[in-house]
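K.L.:
Chain by chain, the residues run as shown.
Protein chains: 2
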Amino acid sequence: MKTAHQPIPDKRPHVVVVGGGFAGVQCIKSLRGAGARITLIDQRNHHLFQPLLYQAATTILAPSEIAWPLRQLFRDRQDVTTLMGRVTGVDTSKRCVLLKRGAPVSYDYLVLATGARHSYFGHDAWEAHAPGLKTLEDATRIRRKVLQAFEMAETEDDPEARAAHLTFAVIGAGPTGVELAGIIAELAHRILPRDFRRIDTRAARVLLIEAGPTVLSAFPEQLSAYARQSLAGLGVEVMTGDAVTGCSADAVMVGDRRIPCRTIIWAAGVQASPAASWVGASRDRAGRAFVGPDLSLASHPDIFVVGDAASVSDTAGQAVPGIAPAAKQMGAYVAAVIRARLGARGAPGPFVYRHAGNLATLGRRAAIADFGRVTLTGAVAWWVWGIAHIYFLIGTRSRFVVAWNWLWTFVTRQNAARLITMSDPRLPQAAPAGTERSKRSPASS
Amino acid sequence: MKTAHQPIPDKRPHVVVVGGGFAGVQCIKSLRGAGARITLIDQRNHHLFQPLLYQAATTILAPSEIAWPLRQLFRDRQDVTTLMGRVTGVDTSKRCVLLKRGAPVSYDYLVLATGARHSYFGHDAWEAHAPGLKTLEDATRIRRKVLQAFEMAETEDDPEARAAHLTFAVIGAGPTGVELAGIIAELAHRILPRDFRRIDTRAARVLLIEAGPTVLSAFPEQLSAYARQSLAGLGVEVMTGDAVTGCSADAVMVGDRRIPCRTIIWAAGVQASPAASWVGASRDRAGRAFVGPDLSLASHPDIFVVGDAASVSDTAGQAVPGIAPAAKQMGAYVAAVIRARLGARGAPGPFVYRHAGNLATLGRRAAIADFGRVTLTGAVAWWVWGIAHIYFLIGTRSRFVVAWNWLWTFVTRQNAARLITMSDPRLPQAAPAGTERSKRSPASS
Numbered sequence: 001m002k003t004a005h006q007p008i009p010d011k012r013p014h015v016v017v018v019g020g021g022f023a024g025v026q027c028i029k030s031l032r033g034a035g036a037r038i039t040l041i042d043q044r045n046h047h048l049f050q051p052l053l054y055q056a057a058t059t060i061l062a063p064s065e066i067a068w069p070l071r072q073l074f075r076d077r078q079d080v081t082t083l084m085g086r087v088t089g090v091d092t093s094k095r096c097v098l099l100k101r102g103a104p105v106s107y108d109y110l111v112l113a114t115g116a117r118h119s120y121f122g123h124d125a126w127e128a129h130a131p132g133l134k135t136l137e138d139a140t141r142i143r144r145k146v147l148q149a150f151e152m153a154e155t156e157d158d159p160e161a162r163a164a165h166l167t168f169a170v171i172g173a174g175p176t177g178v179e180l181a182g183i184i185a186e187l188a189h190r191i192l193p194r195d196f197r198r199i200d201t202r203a204a205r206v207l208l209i210e211a212g213p214t215v216l217s218a219f220p221e222q223l224s225a226y227a228r229q230s231l232a233g234l235g236v237e238v239m240t241g242d243a244v245t246g247c248s249a250d251a252v253m254v255g256d257r258r259i260p261c262r263t264i265i266w267a268a269g270v271q272a273s274p275a276a277s278w279v280g281a282s283r284d285r286a287g288r289a290f291v292g293p294d295l296s297l298a299s300h301p302d303i304f305v306v307g308d309a310a311s312v313s314d315t316a317g318q319a320v321p322g323i324a325p326a327a328k329q330m331g332a333y334v335a336a337v338i339r340a341r342l343g344a345r346g347a348p349g350p351f352v353y354r355h356a357g358n359l360a361t362l363g364r365r366a367a368i369a370d371f372g373r374v375t376l377t378g379a380v381a382w383w384v385w386g387i388a389h390i391y392f393l394i395g396t397r398s399r400f401v402v403a404w405n406w407l408w409t410f411v412t413r414q415n416a417a418r419l420i421t422m423s424d425p426r427l428p429q430a431a432p433a434g435t436e437r438s439k440r441s442p443a444s445s
Numbered sequence: 001m002k003t004a005h006q007p008i009p010d011k012r013p014h015v016v017v018v019g020g021g022f023a024g025v026q027c028i029k030s031l032r033g034a035g036a037r038i039t040l041i042d043q044r045n046h047h048l049f050q051p052l053l054y055q056a057a058t059t060i061l062a063p064s065e066i067a068w069p070l071r072q073l074f075r076d077r078q079d080v081t082t083l084m085g086r087v088t089g090v091d092t093s094k095r096c097v098l099l100k101r102g103a104p105v106s107y108d109y110l111v112l113a114t115g116a117r118h119s120y121f122g123h124d125a126w127e128a129h130a131p132g133l134k135t136l137e138d139a140t141r142i143r144r145k146v147l148q149a150f151e152m153a154e155t156e157d158d159p160e161a162r163a164a165h166l167t168f169a170v171i172g173a174g175p176t177g178v179e180l181a182g183i184i185a186e187l188a189h190r191i192l193p194r195d196f197r198r199i200d201t202r203a204a205r206v207l208l209i210e211a212g213p214t215v216l217s218a219f220p221e222q223l224s225a226y227a228r229q230s231l232a233g234l235g236v237e238v239m240t241g242d243a244v245t246g247c248s249a250d251a252v253m254v255g256d257r258r259i260p261c262r263t264i265i266w267a268a269g270v271q272a273s274p275a276a277s278w279v280g281a282s283r284d285r286a287g288r289a290f291v292g293p294d295l296s297l298a299s300h301p302d303i304f305v306v307g308d309a310a311s312v313s314d315t316a317g318q319a320v321p322g323i324a325p326a327a328k329q330m331g332a333y334v335a336a337v338i339r340a341r342l343g344a345r346g347a348p349g350p351f352v353y354r355h356a357g358n359l360a361t362l363g364r365r366a367a368i369a370d371f372g373r374v375t376l377t378g379a380v381a382w383w384v385w386g387i388a389h390i391y392f393l394i395g396t397r398s399r400f401v402v403a404w405n406w407l408w409t410f411v412t413r414q415n416a417a418r419l420i421t422m423s424d425p426r427l428p429q430a431a432p433a434g435t436e437r438s439k440r441s442p443a444s445s
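The listed protein sequences derive, respectively, from chains A and B.
Position 130 of the first sequence, counting from 1, maps to 130 under UniProt numbering, and the rest follow consecutively.
Position 170 of the second sequence, counting from 1, maps to 170 under UniProt numbering, and the rest follow consecutively.
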């Protein structure tokens, strides 16, 4: 055995990063050779390439193609220790991170990169019926719900119940909602029809419900209009200006209309993780911590908050969007600030967000891209999107496999990862949380 | 919508196949063009390539690489209807199959290919602590347990508890047990060491516990001896002649010795599915139905039992082994019998099993192969094994991706699918079965 838990006798300043998403991973990468000892804490063992999560949720990619074990990412960084554990709080006076299990981890510098979950605007009961899409588990769950809906319809005798099984409601018309709706429509209208004998999957309804006036409101008007048109072409019923007033096991309420529906997916809003509350930082309505120009907390200059957990306005006073490039820029910036504090070099100026552009896919063959002066639509935009995402995927092998899968679905119109996996009722996974299951896999509880 | 559930007005005789494993799928393939209407019923939506399941359980392959949606397999067979559902029994007088959900399915010919689960020899309580390996869920669960054990050890303060986390017991030294133990040892000794900072994964113990006198007893003595030697070389502690007397959350009992251990995998025995009891057939001690020379039931000539659910002795009186090639041969044979009954051609002679050979891998670079006159060991046998399995994989694409993954692990010594996915406690999956969860995904309950 190597040394056990007693803090290793190590003079190097200790940087603790909580969260192995884009911001946390980039921060650690940028701290290479900074002369610090780094500990990464995450409740999961993998980094997730969230921009492609909707493809894992819609049978195009397999989970293992969009996620990488954090240990593997940093296996060659002897200065990085990875701990899989759940953070329960931060003791800012003792300067240590508290874990649900195991000894507290003391820090000299703390980087909170804990991201966000979806928000139900106070209707948390809706989550049981309208899962959001933030984790691999979410993706597997949504894929299961979508594929099972068709299976249930195939074995359903009652026409009304069958129609409900074949109605899919996606709530929220941001990029995630649009991308999910587009691919579910393609599944129903182009990919699955030949697989079923009793039902015609083309009879399925895919509703994209948006409270605001337009889809993809972050995009320029003409791109938003193009998106709406091409979604309609894929068979998506776009409903804008319609507020969802209820979600249940068998229906979605839109205004005072009740639409029978067995599959609802939530893509309407996000809520930051509790990181801000751990350190008593003031936060915005989405629960994101307000940070200073160097992304540290006014009250605790040795604590930084980055990525979706931080509320940052750039020089122009514009809020920095919750997208991967922004998270990476924050992570790299904080690494530079810490290097400066370590005396390696001068302190950088205040954080400035550089917006590269916005991309959103519409089904498996079209997309829209907004690079400010330049905008693209259709297949051209799709290829730009595909090449950009392949490029940003970590690990050559994944790039290769994902490229192969896309090419495959493109050529054969077949999807690769169309498995329904479920916790087998015979297995204790399905046991009440806190009993069997947590006994056997404490890290999961 | 196409026609709903009323039996389609169709004069063709109706063949109902229960179970989409090797036997069931082969039977349907061999019935192509037989002029029958075929319905395939399975509680899962995919065909599983079980010979590679242990690789999915040990991070070499991803689930989507060894399983294919049944609908996709038969999408071009208009004579085949696939129903995802759970069979609860057979009404032999009304000649129909009873489903947990939906109308009974009547049959003219019934093929029961429901396979087997692992057996705990009456100690069913052990399953909670010693999962077996038969389904994708089993594989994901075992992968989670194995990977989490190392994670837990890394964050464990107490040396004894840490040692228990780093002790892995595989019970049963048949091919599955040997293959699992070999790869877990390689994980600990060759793949993971550089990933961890606090523990030395090479200190992990991998126990292969076998009640009988040898490992791989189905193989000739010199191959069995070679296997034992090469397992030792991989770091596996082979314990033969040792009966397991208990399995708990934190220890395995061997004779009257208690070995602290947090990960136990069961590979010791199988029990046939309840198919035999559905049709009141007499069965052997493993619960397999005794069938006649044409694999039908003496009491019900229109009901056939094939694969691991059937107890068949070949002409030499030797029991047919529960392996994929045997299941495929039975499926193809029954298809021929049914064709004959349909008058297409003469009845085939009694079923004769043709044994091609036995293969077992020892880690990721060696194997043993027994083709009767010819036997192979080491890397040569591994390549024979690899090529054979690549060849027998269904879709071209999977062949390609699996080949690529093997090549990748071979060259880089890195494993591809090292993700821990768990039902997120925030999600209702973890709710008691029969409440939330079953409301939302009835097919899974």
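Heads up, a few of these hints could be off.
Any copy will do: because identical chains look the same in the list, a pair fits if it lies in one copy or spans two.
Pairs of lysine to aspartate or glutamate residues, derived as EDC-like cross-links and limited to a Cα-Cα distance of at most 16 Å, are as follows [unchecked claim]:
(1) K11 with D108
(2) K100 with E151
(3) K94 with E221
(4) K94 with D79
(5) K145 with D256
(6) K94 with E127
(7) K134 with E221
(8) K11 with D79
(9) K11 with E237
(10) K29 with D76
(11) K100 with D76
Keep in mind the hints are simulated off the structure, nothing from the lab.
K.L.:
Checking K145 and D256: alpha-carbon separation at most 16 Å within a copy, between copies, both or neither?
P.N.:
Answer is neither: 25 Å inside a copy and 47 Å across each miss the 16 Å cutoff.
K.L.:
How would you label the pair K100, D76 (within, between, both, or neither) given a Cα cut-off of 16 Å?
P.N.:
Neither: 28 Å inside a copy, 52 Å across copies.
K.L.:
I want to check one pair: K11 and E237. Are their C-alpha atoms no more than 16 Å apart within a copy, between two copies, both, or neither?
P.N.:
Neither: 61 Å inside a chain and 40 Å across chains, both beyond 16 Å.
K.L.:
At most 16 Å between C-alpha atoms: does K29 with D76 qualify within a copy, between copies, both, or neither?
P.N.:
within (11 Å within a copy, 49 Å between copies)
K.L.:
Given a CA cutoff of 16 Å, do K94 and E127 count as a within-copy pair, a between-copy pair, both, or neither?
P.N.:
The answer is neither: 37 Å in one copy and 44 Å across copies each exceed 16 Å.
K.L.:
Please sort K94 with D79 into within, between, both or neither, judging by C-alpha distance up to 16 Å.
P.N.:
This pair counts as neither: shortest intra-copy Cα distance 23 Å, inter-copy 71 Å.
K.L.:
Within a copy, between copies, both or neither: which one fits K94 and E221 at a CA-CA cutoff of 16 Å?
P.N.:
Neither way: K94 and E221 sit 52 Å apart in one copy and 64 Å across, limit 16 Å.
K.L.:
Given identical chains, is K134 near E221, meaning Cα to Cα at most 16 Å, within a copy, between copies, both, or neither?
P.N.:
Answer is neither; intra-copy 28 Å and inter-copy 53 Å both fail.
K.L.:
Check K100 against E151 for me: Cα-Cα at most 16 Å, and say if that holds within a copy, between copies, both or neither.
P.N.:
Cα proximity of K100 and E151: across copies only (14 Å, versus 40 Å in one copy).
K.L.:
Have a look at K11 and D108 and pick one of within, between, both or neither, based on CA distance no larger than 16 Å.
P.N.:
within (11 Å within a copy, 79 Å between copies)
K.L.:
Should K11 paired with D79 be assigned to within, between, both, or neither, using CA atoms and 16 Å as the limit?
P.N.:
within (12 Å within a copy, 73 Å between copies)
Hint check: violations occur at hints 3, 4, 5, 6, 7, 9 and 11; the rest are consistent with the structure.
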